[in-house]
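J.: Residues per chain are reported as follows:
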Amino acid sequence: MSIRRHPVSALLAFAVLAFLWLPLLAVVVNSFNRDTLMAGWGGATGHWYNLAANDHDVREGLKTTLIIAFASALVSLAVGISGALWWRRAPRRAQAVYDGLVYARIIVPEVVFATALFFLFVHFKFRLGLPAIIIGHSVWNSAYATLIIQARMVGLDPSVEEAAADLGATPWRVFRRVTLHSLMPAIIAAGLLAFTFSFDDVVTSYFLQGTAQSPLPIVLFGLIRFRLTPEVNAIGVLVMLLTVGLMSLAVTMFATAGRLGRSEKRAGFLDMYRR
Amino acid sequence: MFFVVPLVLVAVYSFGSINPVTLDVGFGWTTGNYRAFASTLYLHSLLRSIFLSLGATGACAVLGFSLAYFISRQPPRAQRLLLVAVIVPFWTSFIVRTYSWVDLLQNLGPIDRLAGAIGLTDSHLSVLYTPTAIAIGIIYSYLPLMILPIYVSLERIDASIYNAAADLGATPWRQFRRVVLPLAMPGVIAGCIIVGIPALGEYVIPEILGGGKTLMLGNILANQFQTTGNYPFGSALAVTLMGILMILLFLLRRRQPLQESA
Chain A
1063 MSIRRHPVSA LLAFAVLAFL WLPLLAVVVN SFNRDTLMAG WGGATGHWYN
1113 LAANDHDVRE GLKTTLIIAF ASALVSLAVG ISGALWWRRA PRRAQAVYDG
1163 LVYARIIVPE VVFATALFFL FVHFKFRLGL PAIIIGHSVW NSAYATLIIQ
1213 ARMVGLDPSV EEAAADLGAT PWRVFRRVTL HSLMPAIIAA GLLAFTFSFD
1263 DVVTSYFLQG TAQSPLPIVL FGLIRFRLTP EVNAIGVLVM LLTVGLMSLA
1313 VTMFATAGRL GRSEKRAGFL DMYRR
Chain B
3 MFFVVPLVLV AVYSFGSINP VTLDVGFGWT TGNYRAFAST LYLHSLLRSI
53 FLSLGATGAC AVLGFSLAYF ISRQPPRAQR LLLVAVIVPF WTSFIVRTYS
103 WVDLLQNLGP IDRLAGAIGL TDSHLSVLYT PTAIAIGIIY SYLPLMILPI
153 YVSLERIDAS IYNAAADLGA TPWRQFRRVV LPLAMPGVIA GCIIVGIPAL
203 GEYVIPEILG GGKTLMLGNI LANQFQTTGN YPFGSALAVT LMGILMILLF
253 LLRRRQPLQE SA
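So the protein lines, in turn, are chains A and B.
Numbers 1063 to 1337, taken from the numbering used here, label the letters of the first sequence in order.
Numbers 3 to 264, taken from the numbering used here, label the letters of the second sequence in order.
No wet-lab data here; the hints were simulated from the structure.
Do not rely on the hints blindly, as some may be mistaken.
[What the hints assert, rightly or not] If the Cβ cut is set under 7 Å, some of the chain A residues that face chain B in the computed set are:
| hint | residue |
| --- | --- |
| 1 | SER1071 |
| 2 | LEU1074 |
| 3 | VAL1078 |
| 4 | LEU1086 |
| 5 | VAL1089 |
| 6 | VAL1090 |
| 7 | VAL1174 |
| 8 | THR1177 |
| 9 | HIS1243 |
| 10 | VAL1265 |
| 11 | ILE1286 |
| 12 | GLY1298 |
| 13 | MET1302 |
[As the list claims (entries may be wrong)] For each label pair, taking beta carbons as the anchor points, the in silico distance ranges come out as:
| hint | chain 1 | residue 1 | chain 2 | residue 2 | range |
| --- | --- | --- | --- | --- | --- |
| 14 | A | LYS1125 | B | HIS46 | 51 to 61 Å |
| 15 | A | ASP1097 | B | PHE252 | 43 to 53 Å |
| 16 | A | PRO1193 | B | MET248 | 39 to 49 Å |
| 17 | B | GLN76 | A | LEU1087 | 33 to 43 Å |
| 18 | A | PRO1220 | B | LEU45 | 54 to 64 Å |
| 19 | A | GLY1108 | B | PHE252 | 35 to 45 Å |
| 20 | A | THR1314 | B | GLY57 | 31 to 41 Å |
| 21 | A | LEU1073 | B | ARG115 | 20 to 30 Å |
| 22 | B | GLY213 | A | GLY1191 | 27 to 37 Å |
| 23 | B | LEU49 | A | ALA1140 | 37 to 47 Å |
| 24 | A | PHE1186 | B | PRO78 | 47 to 57 Å |
A virtual CB, placed ideally from N, CA and C, is assigned to each residue, including glycine.
One chain only, chain B, in its complex shape (with noise of 0.2 Å):
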């Protein structure tokens, strides 16, 4: 029973974020708070949410994917160290990480003046709280989570390998695409995972660097609860969020057997 008991209160919080609607007193079975939702509205920002996400974790993927090669080619000393420089900013706090971007892309802040310096614009940046801001952010705080898996499946690769690609011939470029990228995909898939899943549900990080105009659908979910108070349609949010995470998952499952046998 003692094993019992913390088993079921888990499985009743588990079923309480599966489905929240049934929770929901006095509501009738209805589509209505779907199809409020799929007013173009909304369905704008569903969109940006995923856009923002797929491209933040693109390019986490391909960020994350230079580091973690360049230290599986270390020695095993340099690789433990490298190792934590990359896990140390990502035990910082969260909410400081995200607001130190808010310095640096502020008008007058040190990227704008380096811009300006350089000519690359003639007034200011002006990329604080704009999706970019945001891009930047996710990218920034979940890049260690794609660096991990992605090393562990290059570490992995025998450096023979490597060798035998160039004695035979193949350019640096081919052997990039042919032979490293096939085997560490296993990796970049999960990191993609990690990252992207908590991405599309990113409150925070829009509402520090979005400045609260640009909303991400985790944003506009808490208002639901928090400003507006609808919470049918804040739950439909959920359920729809949650959905689309399944589908995503379901995809990126369903590829990769199909990457290992190859």
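Next comes chain A alone, as it looks inside the complex (with noise of 0.2 Å):
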């Protein structure tokens, strides 16, 4: 008998789908229960997501995580983006180590990461709250995007921007008419997906924060903390729904932005990597 359709290795695989989907499942369930405790089933009630949208301290959290997100994804973009440019004619070395530097911030734990930006801002008397939170949501944030745009650029072909230069246009014309619009399906996806990855972000944020107000993943980690109600299950589906959306905006994205051996690969570890 071949193991090729072994019936063991289903049973496995759906018990472990199922290991996967139960959990939101309950999430969703519960979003609706009328029982505060969640011990039992109370009956449905869409309370909690009333109660979840009039929530000041939700509101101003999601104000809040919104500008970061938003704000984090255009630095990174920027920093991704004349990275990628720089990376292109730059000698081999070079490339490696910027290469390095990208992965290596990929790599360093983000508890370890978010100390050590503490400790730079607090070394330099920079003040924490929300310009911090962007940085360092930036610095992890504009590896990955690093990564989707080289991608991209790894199929470009130089010839088509010499070709633009040959027939008079300015150098900041062939720019912003040949390589940014060559480039713009992956840096749409790597700003929705820098967007999504800072939406949902705790440690850096966490640590970052200092006084001012917090984000809404720190919200929720608060009101995890204290009180357990459903309230809590109606902000995270409503949560989900957001992310998801994003996620699969970011993802359509990329793969219509070319299907390059190299470029697949590259995706493949970001897909894999990131939470």
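Dock the two chains into a complex; use the hints.
T.: This is the structure in structure tokens:
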């Protein structure tokens, strides 16, 4: 008997799939649960969604999170694009160093990174708060942005840009109409991805928030530690919908952004890594 | 210049993470912090962190392998669908995913009731806020990260290899051990690196599922900054954590070429 279609493997696979999905199902079900302790099913209610939508902390937190996510996505894109452009014409050695720095930012554990940044800011008397969080998020977000944009850039034929220049386009025009244009799908994908990562982050924000308004994940974190009510579930479901929507958009963008062997390999690494 | 400036910025940040001790003013060269770390309490939590993350990574590898293997043997359309099914839970908010286990694991929660109903326990499981709960949380959160690389390496294996092994009379177990596992090894190692590194420094999961009682290295580190304010000690912890990771990465790196040539 070949193990290609061994029944044991199918059984295990379905058990693992259930393991992945049942907790999420529980969150959704409990977000409608009338029973405050969630010990049993107390009937369906939309009360918790109402409560979540009117919670001052949640609303302010969401606003803060959106500002941070948007700003850090922009900064990451600026760093990612300029870095990738430089990388393309850099000597081999420098390329290797740059790649190393990019991967290092992905591999270093977030707690260590956040600590180091906290140090840096405190040492130089830079005030903790929103700008600090935005910088913190951008540090690792820009690494992902660089990977995605580089992947697209590898498939870019320099002769197109040379042709545009020969046809009389100014360097700025070549950059804007040819280079940037062909990088666009990767830029959009990287931006969305950075936005989502930042939107979901806890550790970096927690270290760098200072006395500023907490972003939403930290508000949630606090709620979980002090009281367990279905309200957390309701917020969770709403956040879930938003993140899944954004990530799907990012991936669709990237999937249409070209299917080069190398780019897929890099994208694969990317998908694999991030939580 | 336009390209160099962000590069320098990046360099500054990455150096900040590698060597935070030197950024601290008014602090002479001393091994005092490391010696404080070697005291039993912290050493204990260091060992616990290592055991927990190694155990969770191992469990992830086993679970991840079974699903990745199944997915890689499906027709292409089903493969894509199943991969989406693996990735979507991974995209949902990290906090919410971890929190979902508080509901499930608490006494009188679904799992506790189920265990009681089938007569597994007399009273309650009381598994929430224990190292087991942390391990479950880590496995759950990082499982997709294990499945994807293993899937990638399994998917490349030609189906005829399986048939050949079966035709030559290998039992299913033997086929798995001698054919599938060696070919999938690079993916398994990649998955272990990707899961093991963040798991070792995990902060949020022990905080939520450990109830702040069972501490991992990440929590102690964070506490040094958030409450105690002992920055030098905290940075000694950070350097230790990095050191452990470096050693682990180095060991895995050395193994990899051997596996590929085998």
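J.: Each hint: holds or not?
T.: Evaluation of the provided hints:
1. SER1071: Check passed: Cβ of A/SER1071 comes within 5 Å of chain B, closer than 7 Å.
2. LEU1074: holds (4 Å)
3. VAL1078: With Cβ-Cβ at 4 Å, under 7 Å, it holds.
4. LEU1086: holds (6 Å)
5. VAL1089: holds (5 Å)
6. VAL1090: violated (10 Å)
7. VAL1174: It holds, given that the least Cβ distance between A/VAL1174 and chain B is near 5 Å, below 7 Å.
8. THR1177: It holds, given that the least Cβ distance between A/THR1177 and chain B is near 5 Å, below 7 Å.
9. HIS1243: With Cβ-Cβ at 19 Å, over 7 Å, it is violated.
10. VAL1265: holds (5 Å)
11. ILE1286: holds (5 Å)
12. GLY1298: Holds: closest Cβ of chain B sits about 4 Å from A/GLY1298, inside 7 Å.
13. MET1302: holds (4 Å)
14. A/LYS1125 with B/HIS46: 51 to 61 Å: Given about 42 Å between the Cβ atoms, the range is violated.
15. A/ASP1097 with B/PHE252: 43 to 53 Å: At 52 Å between Cβs, range holds.
16. A/PRO1193 with B/MET248: 39 to 49 Å: violated (31 Å)
17. B/GLN76 with A/LEU1087: 33 to 43 Å: Given a distance of about 23 Å, which is not inside 33 to 43 Å, the answer is violated.
18. A/PRO1220 with B/LEU45: 54 to 64 Å: About 56 Å separates the Cβ atoms of A/PRO1220 and B/LEU45, which means 54 to 64 Å holds.
19. A/GLY1108 with B/PHE252: 35 to 45 Å: violated (54 Å)
20. A/THR1314 with B/GLY57: 31 to 41 Å: holds (37 Å)
21. A/LEU1073 with B/ARG115: 20 to 30 Å: holds (24 Å)
22. B/GLY213 with A/GLY1191: 27 to 37 Å: holds (29 Å)
23. B/LEU49 with A/ALA1140: 37 to 47 Å: holds (43 Å)
24. A/PHE1186 with B/PRO78: 47 to 57 Å: 54 Å Cβ-Cβ, so the 47 to 57 Å window holds.
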